[in-house]
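S.K.: Protein chains in written order, with the numbering used here: chain A, 106 to 351; chain B, 30 to 235; chain C, 30 to 235; chain D, 5 to 236; chain E, 5 to 236.
Source of the hints: derived by calculation from the structure; they are not laboratory data. Mixed in with the good hints, there may be bad ones.
Unchecked claim - Under the rule of at most 25 Å between Cα atoms (straight-line distance), these lysine-lysine pairs were calculated in the BS3-like manner:
#: 1; chain 1: E; residue 1: LYS42; chain 2: C; residue 2: LYS40
#: 2; chain 1: B; residue 1: LYS40; chain 2: B; residue 2: LYS102
#: 3; chain 1: D; residue 1: LYS19; chain 2: B; residue 2: LYS102
#: 4; chain 1: A; residue 1: LYS255; chain 2: D; residue 2: LYS42
#: 5; chain 1: C; residue 1: LYS40; chain 2: C; residue 2: LYS102
#: 6; chain 1: B; residue 1: LYS40; chain 2: D; residue 2: LYS19
#: 7; chain 1: C; residue 1: LYS102; chain 2: E; residue 2: LYS42
What follows is the residue order along each chain.
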Amino acid sequence: SGGASDDGKHGGPVVLAAASMHDALEEAADEWAGQGHARPVLSFAASSAMARQIEAGAPADMFVSADEAWMDELEEGGFIRDGSRAVMATNALVLIGPSDGSLTLDPVSGFDLADALHGGRLAVAETESVPAGRYAKAALSQLGVWDSVKDRLAPAENVRAALLLVARGAAPLGVTYATDAASEPRVRVVGTFPAHSHPAIRYPVAMVATSKAAEAADFRDYLLSDAGQAVLAGHGFGPAEQAAHD
Amino acid sequence: MSVFDIDITVKRPGRRIALSLQADESVVAITGPSGIGKTSVLDAIAGLLRPLEGRIAVAGRVLFDRASGIDLKPEERGCGYVFQDSRLFPHLTVEQNLTFGLRHAEGEALTTLAECADLLGIAHLLARRPRALSGGETRRIAIGRALLRGPRFLLLDEPLASLDDDRREGILQVIERIRDRFALPMLYVSHNPEEVRRLAGKAVAL
Amino acid sequence: MSVFDIDITVKRPGRRIALSLQADESVVAITGPSGIGKTSVLDAIAGLLRPLEGRIAVAGRVLFDRASGIDLKPEERGCGYVFQDSRLFPHLTVEQNLTFGLRHAEGEALTTLAECADLLGIAHLLARRPRALSGGETRRIAIGRALLRGPRFLLLDEPLASLDDDRREGILQVIERIRDRFALPMLYVSHNPEEVRRLAGKAVAL
Amino acid sequence: MLSPTEWQIVALSLKVSVVAIACVLPLAFALAWVLARKRFPGMLLLDALVHLPLVLPPVVTGWLLLLSFGPRGPVGRLLNDAFGLAFSFHWTGAALAAAVMALPLMVRAIRLSIEAIDTRLESAARTLGAGPWEAFRRVTLPLAAPGVLAALVLGFARSIGEFGATITFAANIPGETRTLPLGIYTALQVPGGETQVTRLALVSVALSLGALVVSEWLARRGAAGERKGHVL
Amino acid sequence: MLSPTEWQIVALSLKVSVVAIACVLPLAFALAWVLARKRFPGMLLLDALVHLPLVLPPVVTGWLLLLSFGPRGPVGRLLNDAFGLAFSFHWTGAALAAAVMALPLMVRAIRLSIEAIDTRLESAARTLGAGPWEAFRRVTLPLAAPGVLAALVLGFARSIGEFGATITFAANIPGETRTLPLGIYTALQVPGGETQVTRLALVSVALSLGALVVSEWLARRGAAGERKGHVL
Ligand SMILES: Nc1ncnc2c1ncn2[C@@H]1O[C@H](COP(=O)(O)OP(=O)(O)OP(=O)(O)O)[C@@H](O)[C@H]1O
Ligand SMILES: Nc1ncnc2c1ncn2[C@@H]1O[C@H](COP(=O)(O)OP(=O)(O)OP(=O)(O)O)[C@@H](O)[C@H]1O
Ligand code: MOO
Ligand SMILES: [Mg+2]
Ligand SMILES: [Mg+2]
């Protein structure tokens, strides 16, 4: 087939990656290319869209999901190469507010989140479908505050949009990944959710079953290597190992 | 006070058309070869085309006077204009076309809808739309619309073109009756010398 | 072989129009009151309106025959049709309107563009668009377009309506010349008895 | 057939779209009329502004709405102080987003119809005593009906399908701003959500098919009186 | 002003939109003509089908494209076997998505213009010897020009702004399918990417402003010959 990976224009493997990994993977790709390899072609979109592209037979080589559910789905369908799945990075969940505020609020059991909203809404990624939102719901439930805020949510399309709502003052507080909060100067971290309050936030990586690109597997291995992990850590992602211990 | 006191110059691409008309007769015919500017002059009197200069007064009422800055809007002039191209409203029925101007009647009521439809032989067409009419039917409805509007004066641009002799005679009689009973001022464009002789007290050639 | 051999019934909402015409004369006038069906009959002969039944033959050529299933398309009939409502193409210049059918000339060339524009007095209008024309100018261009199309026969629906006497005379002479020189069959709708007398060898009243 | 939650989504979508289109129609007509009939400096700029929501990715439009109509935006603050109107996280915000996204389509359709009107008919109405406004109401407006009808269909369809600007500006709040596309999107994010996606998508299609049927019926009713008996 | 990567995005967007609109125009015209002139059973269905990409959230349209035109989709397989045409991860896929999303807008605009044409003019052309096709080419087509022009502007603007269907169907491949809206989306993921977002959004606006200027100029040229000297 005449897909992008084998028309010679793009030497490198085609990597479908969760949008929230953009900066980290771009830097990793640069590093990799700097070592004399063909630069991987990175396509960022929502995990659901990319999983469907793989199911439809699109000529991708590698998939980095923000969501284990989609990776499970692909694995069950036989769309990913046996044994190639691994956790590439982890993340933490934080409560954010505008950077000009001074509120600190420790997300511990029963903390008074509803009150801190002062009648405003809590920006989150959509809590049924978007991974960041599902983690937020899990954490808030576990801490016993879900019922007090579940009608006071501003569910956004994805975690970046939730970030934007807080940055623009449309919502006084929000729940995002630590990596997102670190990247936006107009917000500050008000508090970090304890790791035990939500399922581990893992970014699984895997090779697409039909991948034929020469160095695809090598790039995956690079990402999991110390050098690759160092790049990811530079962008605030937690190490792959941590997840493995869960 | 003359019925018509008109002295205007109208601009058309590449030419100017001048009309100077002082008349005490209530019906004045305007003649002249095709393309000379008859329709343009009527448009100017109706307020659809602004003259370069001059003055228009009909029955003592000043409609336009460049010098004193008077320029009545078309709807204020109270004319009943039978356009050369009829201009029936395609979205309205014949009846709705006929009664379009009723609510703005300015002069005396010249006729009623029933009488007018009868005189013009269009009573059977009232529910139709203009697109499904013959050429002569269209013409007759255009005449009816102008009469029913209760005008202060009439502008008739070849009203009887494309009508057969019997119809033509019937409508000529209607116009004569209006002329005699209401002394309504009329400007009548026609190429038919007999019509002109019969109707008009005066004829100006452009 | 007769020039016109026509026997048709045409349907119009609420009525039927019948024309039966056998004529050896090359010009036949069709008269009748407004709304009787003259235009409908011409439309049927031009192939724009399908007769309910009957037969149409002009100069020995069968254009329509219900019985034998013949029904030539309008473009195959080779008529030069001067529509009552002119129907100039608004997006084309006068010259482009005139020469629209040139490439499909079927009969002999009756005239050239230059000659035709000259005879009809429209030479100065060639670069204009139809919207900026007077009523009589529009009419003359419609006539020119039909003549230049190189027709096998002409359908003229009140071609001289809204033209002044001089123009009318000039165009009558042109039509007479075409009649005499080319023996071109013509159906001529007119309300003017004098025109009918002068041009037509025969007149049928609808 | 549909669950209560799904019915809620459908009802909300209808409310949002109907309100959006009803409110934006007069504005669309006014803009179309001005663009069709007037020549003025800055006309191109106005034209471009109207097209903006078409050109920009919907998310950017939503973002711009947030900047201007959000609680801290200049217009948003004004409207809130003056009329107590709040848009963010409110169904009115979804309606505003739908209206803004539908506007360019509606303006174009109406403008095309207005440009096709023979202005000589308006002159005729004026000589019959109708002032500019009456001539507009009795001649221009009815003659522009095909464009208005097309605008309603296009606008309604577009607003039933509007996603990006809505979710960015008004968020995805069940019962408040979760319209059909947002419901569909939510379902699309989860593996196995396809059956719900299909169900909601079919409802969307049914809604705008309904609008189509009504519009074609209205169009035919309007044209019926003008039918010609001609073969060609 | 723009970086090389940004220029690449702009050039790609132009290529995708121009190819999409050029390819879909004849189809849009044909559909508009059929819907305006023909009455046939199933007409409403065709009409609804054309409107589909307007009603459905773009992401769903992209998904449907993936299912039918993807490498495993029935149409995709056919086109690949017959012509070696592949869409996924390829700029042709972005063009296909843009074309599909622009189609309903283009069909409506052209249809409005065709419906406004006086069919008696086509009859006149037929009596002058022009066959149906020639009458179409010399009368119908030029008289539909305002609609075609509007269709080009709407379609171009829509395809310049198309995001959801493209990213779902053709992915977000730099240099291949990362058009302006996808570039904007990508920039939104980057800390401080808002200046780049603004820059790319301005380029989008400039592109379609250009298209607007050209179209208004063409429209005025076409109308120039028909100007009337009348006050009203
Ligand atoms: N397009 C149409 N659809 C329906 N009915 C029509 C249509 N055109 C004309 N008619 C009707 O058919 C009848 C015959 O019309 P036609 O145009 O043939 O008359 P005509 O003899 O040419 O009249 P005129 O001298 O007024 O032009 C009239 O009653 C008219 O109302
Ligand atoms: N809308 C217009 N725009 C520009 N020029 C026009 C317009 N209408 C008419 N003209 C030109 O102005 C001149 C006068 O036209 P007008 O219609 O007044 O003539 P007319 O005397 O009524 O002719 P006819 O007897 O043929 O109707 C003609 O040369 C014509 O070509
Ligand atoms: O796909 Mo995300 O980055 O978990 O919102
Ligand atoms: Mg005239
Ligand atoms: Mg007739």
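S.K.: Next step is simple, just say for each hint if it's right about the structure.
M.R.: Hint by hint, here is what the structure shows:
Distance hint between E/LYS42 and C/LYS40 is fulfilled; the C-alpha atoms sit about 22 Å from each other, no more than 25 Å. Restraint check for B/LYS40 and B/LYS102: the C-alpha separation of about 19 Å stays at or below 25 Å, so the hint holds. A distance of roughly 44 Å separates the Cα atoms of D/LYS19 and B/LYS102; the hinted pair therefore is violated under the 25 Å criterion. For the hint linking A/LYS255 to D/LYS42, the alpha-carbon distance of about 52 Å lies beyond 25 Å, and the restraint is violated.
Distance hint between C/LYS40 and C/LYS102 is fulfilled; the C-alpha atoms sit about 19 Å from each other, no more than 25 Å. With a C-alpha separation of about 55 Å, the suggested pair B/LYS40 and D/LYS19 falls outside the 25 Å cut-off, and the hint is violated. Taking the CA atoms of C/LYS102 and E/LYS42, the gap is near 19 Å; set against the 25 Å cutoff, the hint holds.
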